[in-house]
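Chain by chain, the residues:
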Amino acid sequence: MRHTISVLVANEFGVLSRIAGLFSGRGFNIESLCVAETLDPKISRMTIVTTGDDSVLEQISKHLNKLISVIKVHDFTEEEHIERELALIKITANSENRAEILSIVDIFRAKVVDVSPRTYTVEITGDGEKIRAIVELMRPFGIKEIVRTGRIAMARSAKQK
Amino acid sequence: MKKTEKNGAEIFIECLLKEGVDTVFGFPGGAVLPIYDALYDAPLKHILVRHEQGAVHMADGYARANGRPGVVIVTSGPGATNTVTGIATAYMDSIPMVVFTGQVPTALIGNDAFQEADIVGITRPCTKHNYLVKDIKDLQRIIKEAFFIATTGRPGPVLVDMPKDVLTAKVEFDYPEKVELDSYQPTYKGHPGQIQKAVSLILASKRPVVYAGGGVVLSNASDDLRAVVEKLGIPTTTTLMGLGAFPGTHPLFMGMLGMHGTFSANMAVTNTDCLIAIGARFDDRVTGKIDEFAPYADIIHIDIDPTSISKNVKVDVPIVGDVKVVLKDMLKALPAQKAISAFKKETEEWLAQVDAWAKTHKLSYKQEEGGKIKPQMVIEKLYHATKGDAIITTEVGQNQMWAAQFFKYDKPRTFITSGGLGTMGFGFPAAIGAQLAFPGKTVVDIAGDGSIQMNIQELATAVQYKLPVKVFILNNMVLGMVRQWQEFFYNKRYSHTCMSVQPDFVKLAEAYGAVGLCARTPAEVEPVIKEALKVKDKPVLVDFKVDPFEDVYPMVPAGQPLNKMLLV
Chain X
1 MRHTISVLVA NEFGVLSRIA GLFSGRGFNI ESLCVAETLD PKISRMTIVT TGDDSVLEQI
61 SKHLNKLISV IKVHDFTEEE HIERELALIK ITANSENRAE ILSIVDIFRA KVVDVSPRTY
121 TVEITGDGEK IRAIVELMRP FGIKEIVRTG RIAMARSAKQ K
Chain E
1 MKKTEKNGAE IFIECLLKEG VDTVFGFPGG AVLPIYDALY DAPLKHILVR HEQGAVHMAD
61 GYARANGRPG VVIVTSGPGA TNTVTGIATA YMDSIPMVVF TGQVPTALIG NDAFQEADIV
121 GITRPCTKHN YLVKDIKDLQ RIIKEAFFIA TTGRPGPVLV DMPKDVLTAK VEFDYPEKVE
181 LDSYQPTYKG HPGQIQKAVS LILASKRPVV YAGGGVVLSN ASDDLRAVVE KLGIPTTTTL
241 MGLGAFPGTH PLFMGMLGMH GTFSANMAVT NTDCLIAIGA RFDDRVTGKI DEFAPYADII
301 HIDIDPTSIS KNVKVDVPIV GDVKVVLKDM LKALPAQKAI SAFKKETEEW LAQVDAWAKT
361 HKLSYKQEEG GKIKPQMVIE KLYHATKGDA IITTEVGQNQ MWAAQFFKYD KPRTFITSGG
421 LGTMGFGFPA AIGAQLAFPG KTVVDIAGDG SIQMNIQELA TAVQYKLPVK VFILNNMVLG
481 MVRQWQEFFY NKRYSHTCMS VQPDFVKLAE AYGAVGLCAR TPAEVEPVIK EALKVKDKPV
541 LVDFKVDPFE DVYPMVPAGQ PLNKMLLV
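Line by line, the protein sequences give chains X and E.
Going by this note's numbering, the first sequence opens with residue 1, and the numbers climb by one from there.
Going by this note's numbering, the second sequence opens with residue 1, and the numbers climb by one from there.
Heads up, a few of these hints could be off.
Unchecked claim - No more than 25 Å apart at the CA atoms, straight line, and that leaves these computed lysine-lysine pairs for DSS-like:
1) E:K534 - X:K66
2) X:K72 - E:K408
3) X:K72 - E:K545
4) E:K408 - E:K311
5) E:K231 - E:K45
6) E:K387 - X:K72
7) E:K387 - E:K545
8) E:K311 - E:K332
9) E:K311 - X:K62
10) X:K62 - E:K197
11) E:K189 - X:K42
12) E:K206 - E:K178
13) X:K42 - E:K338
14) X:K62 - E:K314
15) E:K328 - E:K344
16) E:K314 - X:K66
Claimed, not checked - Computed, partial: chain X to chain E, Cβ under 7 Å:
17) G21
18) G25
19) V73
20) I152
21) M154
22) R156
What the hints assert, rightly or not - Examples of chain X residues lying across from chain E (beta carbon under 7 Å, computed):
23) I71
24) K130
25) I146
26) V147
Just so you know, the hints here were simulated from the structure itself, not pulled from any lab data.
Beta carbons: idealized from backbone N, C-alpha and C, even for Gly.
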């Protein structure tokens, strides 16, 4: 099963290598990994997407916690949360298909962020499903290049009763 | 008042003294020259080794023998990379140790400078934690943290890499009193509810077994283990790393379990209905075929490291905590004598069964008069000659298994072996470290002719410091354990296991200034052991010419369940 795990780590050099090394050394999967500083510049947040059964996930979480540089580990899988990815897609665009591309961009609430005589570059954010969907729709026009971030996630606030 | 400034090397020495370090193992080089200059008149005993791997194993042996962290100083590049096997050995067996490596000056890092190696990168997966000190201002905090991390929780090696310019930069010496590490807080106290659950489970069982590991030794919990076991009368086995954690001569002790464990221990574990694992980690050499390990048992597992729990075997009652603290709480949680008497009555039959297994299948070998020396006999004679009062270290292979089987360890920290990594060449330098920790004790390395040649250069170290370490080479002219596997599982195709060329060990010892002895016949064994034990001021190397075709029994073939043992 796919899990999204948030890991708070000390913002020091080598910490990414500790995490990546743990996953490779113990045969755990990383599907994607995002890292950036938090509000506290001494702490970074890593969002890791990984797969495995319950016992593998238990070990991943325990081993992450065991690293001295890791402050907190949180698995989002069991709770309400928001997930987002961002992709930049460079599409072959010509006078015949520009309108169609723009309508798809519109439907997905994406943005055209760069235009050249022969291309559109589209920025799209959303969950993995949405990004896959737009990629499939754009594919017939000819995708020249695609760059995707990993996934980030945040827990939803408790709803008022 | 402003304190006087000191350079990094002087601060390094001050920090070691504050940590109570009295002995360091090392080898100098360019990047650590500032430290060696500061060491010149420091009140620290520095043991000059002949190879950096030796230094790490010595620090390891020192730590295993007296429980205090071993300390190593080596230079950058090759000095640092030579420590890797030793660090990995200590990591696998959870030995507290701090390794200090020199590094090229910060400005040169990443430039492929002379004697540069990314030792922090190299040792990341085999240290509990490691550091590169980039700023002299961080040096004292990092050293404080390094010792704290190495010695607390599940212990382990920590490496501190120190660039040369950091060692010469100056700062005030102000050693921090406390460590502030939010992200590192080991759990020492077990959950009371879980402990209660464990006690109930034990008391409801009819065929309980205690399976104790190296964690009992590391936690100094032998007395507490004994108190619980004796109070309940539970048959007890230990892992290789746990030997000595429970008295080897105790009537409730079944011997070691696992691949070369005793018949009774392996049968008991296979048939138990309640397995109490204490400071052990269900290693594959212990469990055999994992699906058929303790198939009828509810498993209780006490360990300080949460990652050890339910890693290989699903556990019914996990208790995360320090073994000593948990055992003390467990003892308190035991019910009144009446309930215990009832429990003992229920387990009487089981104890009789375990006893019967022990009686029908003892560890044994056959020494023929006029035949070749049996290696097991050497160990037994050593046991009798020392009355068990010795620290035994081992190399890896058959010598290690015979030392585990035929010497009885009544006290913890008297059996020192590379259990997890299985490092050949470990035993001799480890014996030197143990001897330095206990100068007055008899320390014997049980070696093979293969293993001993992997760190034989440390004979010079032992001679230099007048250490009366004994090395008993069970010389069968082959890499015995590999040969045994080839005999059993590879159709007796003895591919590259025969070491037909070897030095004359007696002359070799003498060349180093040590004592060399040799025993060729069974009758010579006892007198030679006695002669070796008499030497008090230099190392002794004894070459026992043993039967090359002797095998280690019982043996559970890899991947087989524990009750499928090959017996003598």
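task: Would you settle whether the hint for R156 of chain X is holds or violated, based on the nearest Cβ-Cβ distance to chain E being less than 7 Å?
output: Violated, about 26 Å.
- prompt: Measuring from the C-beta of G21 of chain X to each C-beta in chain E, is the shortest one below 7 Å?
  reply: At about 5 Å, which falls below the 7 Å cut-off, the nearest Cβ of chain E leaves the hint on G21 of chain X intact, so it holds.
- prompt: Under the criterion that the straight-line Cα-Cα distance not exceed 25 Å, is the pair K206 of chain E, K178 of chain E satisfied?
  reply: violated (48 Å)
message: Would the hint linking K62 of chain X and K314 of chain E be met if the CA-CA limit is 25 Å?
response: At roughly 15 Å apart (the allowed maximum being 25 Å), K314 of chain E and K62 of chain X satisfy the hint.
field: Holds or violated: K72 of chain X to K408 of chain E, with C-alpha atoms at most 25 Å apart
entry: violated (45 Å)
query: Does the structure keep K387 of chain E and K72 of chain X at a Cα separation of 25 Å or less?
result: Distance of about 52 Å is beyond 25 Å: violated.
query: Taking only the CA atoms, is the gap from K408 of chain E to K311 of chain E under or equal to 25 Å?
result: violated (31 Å)
query: Do the numbers back the hint for I146 of chain X, that is, is its least Cβ distance to chain E under 7 Å?
result: For I146 of chain X, the interface hint is violated, since the closest Cβ of chain E sits about 32 Å away, which is over 7 Å.
- prompt: Any CB of chain E closer than 7 Å to the CB of V147 of chain X?
  reply: Since the shortest Cβ distance to chain E is 28 Å, the answer is violated.
Status of the hint placing G25 of chain X at chain E (closest C-beta pair under 7 Å): The hint holds - G25 of chain X has a Cβ within 7 Å of chain E, the shortest such distance being about 5 Å.
Evaluation of the interface hint that places I71 of chain X against chain E, nearest CB under 7 Å: holds (4 Å)
message: Can you confirm whether the C-alpha distance between K189 of chain E and K42 of chain X stays at or below 25 Å?
response: Not satisfied, since the Cα-Cα distance of roughly 30 Å exceeds 25 Å.
Checked against the numbered hints given earlier, the structure breaks hints 1, 2, 3, 4, 5, 6, 8, 11, 12, 13, 19, 20, 21, 22, 24, 25 and 26 and satisfies all the rest.
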